[in-house]
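Protein chains: 2
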Amino acid sequence: MTDVGRIDESSGMADYIESPQNARIKATARLRDRRARKQSGMILIDGARELMRAIDGGIEVVEAFVCQDLLISADANACVVRLKNAGADIVHTSAAAYGKLRYGERDDGIVAVARRPTPGLDSLTLREDSMIAVVECVEKPGNLGAILRTADAAGVTAVIASDARGDIYGANAIRASLGAVFTVPLFEATSADAYAWLRAANVSVFVATPDAEASYTSALYTGRFAIVLGAEASGISDVWRGDACRAIGLPMHGKIDSLNVSATAAVLFYEALRQRSAASSGLP
Amino acid sequence: MTDVGRIDESSGMADYIESPQNARIKATARLRDRRARKQSGMILIDGARELMRAIDGGIEVVEAFVCQDLLISADANACVVRLKNAGADIVHTSAAAYGKLRYGERDDGIVAVARRPTPGLDSLTLREDSMIAVVECVEKPGNLGAILRTADAAGVTAVIASDARGDIYGANAIRASLGAVFTVPLFEATSADAYAWLRAANVSVFVATPDAEASYTSALYTGRFAIVLGAEASGISDVWRGDACRAIGLPMHGKIDSLNVSATAAVLFYEALRQRSAASSGLP
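Residue numbers (numbering that gives the first Met the number 0), protein chains in the order written: chain G, 0 to 283; chain U, 0 to 283.
The shape of chain G in the complex, shown without the other chains (with noise of 0.2 Å):
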C-alpha cells in the first residue's frame, strides 16, 4: 500500500500525499533542522512571495509541496504554475501532511525545497562604481534578512555574510527579506576571506562603529566601496580596523546608546545611493 499516486495524469495533476507519516513529508520536514539543510545542501522556502523571488534570483527550486485548500491568492497559484515551468516537481497534500511542513503558524499553502547557492567570492564581477555590504556575525536572521530587503532597494550589488552564525538561508532570514534573500547576490565568507578578496578588488572599506571619529557623512562613497555592519553585540572584529578600513560612525543624539544594525544600514545604503544621484546630476 501507498499513499502517493499519480491521481490524475491526464489533467496534469501532480503526486498527492495524504498522510502526515509519508516518508518524503517527513525526510523534507527533517528541512527546518539547520544541520540537516548543511548536510544535505538543501533548503525549505516558505511562501509563494518568496518562491517567486526564488525563481527571479535563478535558485533551483527541486520540489513543492502544495497544500491546495490555503492556496487561495492568484498569485500563489501564479507560483504553482512557474514552478512546474521551471522543472520542479510539484506534490499536492493533504493539510494534516502539510501540517508537518509548515513554518510556525504561516499558512501560505506551499514550502518548497531548493539546491542551497554557494557561490564564492571569485564568482562575483564588479563595476567601477558597486556597492558592497558586509554583514559580520549577524546573530538575528531577522536583521539580516532586513538589511537584505533595504540591500535590495539601495541597489547594492552583492552581501557578504561574513562570519555569520546563524544560517542566512533559514526561515527567519528568508521571511524578513522577503525573497531578497534570492535576489540580491549573497556570498558567505569569513571575515578574513572577505577583507582580503575586497582588498584584491581595490574596493574602498568603511566600517560602521560606534566609536568612530569621523561622522557617515564625511566619507566619499565613490569607485568601489563596500560597507561593513558588525553584530550589536559583539562588534566588529579586528579583521576591519586595518589600515585600509575607514571607521564611519552615526551621530547619536539620544538616550540609547546604538542603533539597529538594520537602521544603519539603511541610513548608510541610501547616503550612498544620494551622494552618486547627486554626482550624476552634477547638484549638491
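Simulated from the structure, these hints should not be mistaken for lab results.
Everything numeric in this text was worked out from a predicted model, so none of it was measured.
Among the clues, some could well be false.
In this list, chains with the same sequence are indistinguishable; a pair is considered to hold if it fits within one copy or across any two.
Stated by the list, open to error - Cut-off 20 Å, straight-line C-alpha distance, at most; resulting in silico cross-link-like pairs (SDA-like, lysine to any residue):
#, residue 1, residue 2
1, K139, G103
2, K254, E231
3, K139, N171
4, K83, M41
5, K254, P116
6, K25, M41
7, K254, M51
8, K37, E187
9, K254, D55
Got chain G sorted already, so can you dock chain U onto it with the hints?
Then chain U, alone, in the frame of chain G:
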C-alpha cells in the same frame, strides 16, 4: 496565613512573595492583557535596561517584582536601588512567583508596574526647528519600537502614534525600542487630530509614500516639520493627502516593492539631520 511578609526590616529588605498563587502576583500577571492595562491605566515594564530608561523619562513606577536569583548584573542591581529611591515598592519573589510575571522567555529578574503616560498634544511645546515623526496605524509593535529607537538617536523632538492599532506600551514595543518608548516624547492621537494640531502649530508635513513622485532628497527639512510614516500593508490614510502635505519617496532599485517602515524612518530622520548639520556648518 499570608505569604507576604516584611522579612528583614532593619537591613532594608523589602516584601517577599513565595507563592505563584499570591493575589498581588495574579493581579500583576493580568496586566499582560491589553484590556486590563487599558482599564487600570497601568503598564508592565520588563528588564533593568528598559526600567532605567523609564526612570530617565520620568515614568512613575509603582512597584517592581524582583527575582534575586536572576538579577545578576550590576546594572540590574543599580536599577533596583534607583527604583527604591524613586519611591517604587520593591517586592522580592520566588522563582515560581516570578515565573507567573515574566514575559515569554525573558529572564531579566525584574518586572515592574508603572503608570501609563497619557500626555496630550497640547502639552507639547515646539522649538522653531522641531522634527516630529508621525507613525500611522502601525500594526507591528516591533516596528514602532524600532522607529522610536532610531528617533531617539536622530534627536526627533516627539513621535505621534496616530490611529494606533496595537498598544504602544505593549511588551514588544518597549523591548524593540530598548526603552526609547520612555525617553522620546510619545503621544497618541487620531490621525485627524494629529494633522489639525500640526497645521495649527505651523509644521510642514512630509508624507512618506511609495508612490510619491518627489524623492526624499529633494525636500528641504527646515523649520518645524513632520515626517509621516504609514503602515506597510494599508498605506497612508487620506488625512495625509491634503494640499498642506508633501509626498516624498525613496528610490527603489530592486525587485522588492517596498522598504520596511523602520528602514524608511531611519533614512528620512538621518537625511533631515544631515541637511540641518550641513546648513548649520555652512557646508553643502
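Okay, which hints does this one fail, numbers in order?
-> Hint check: nothing fails, all pass.
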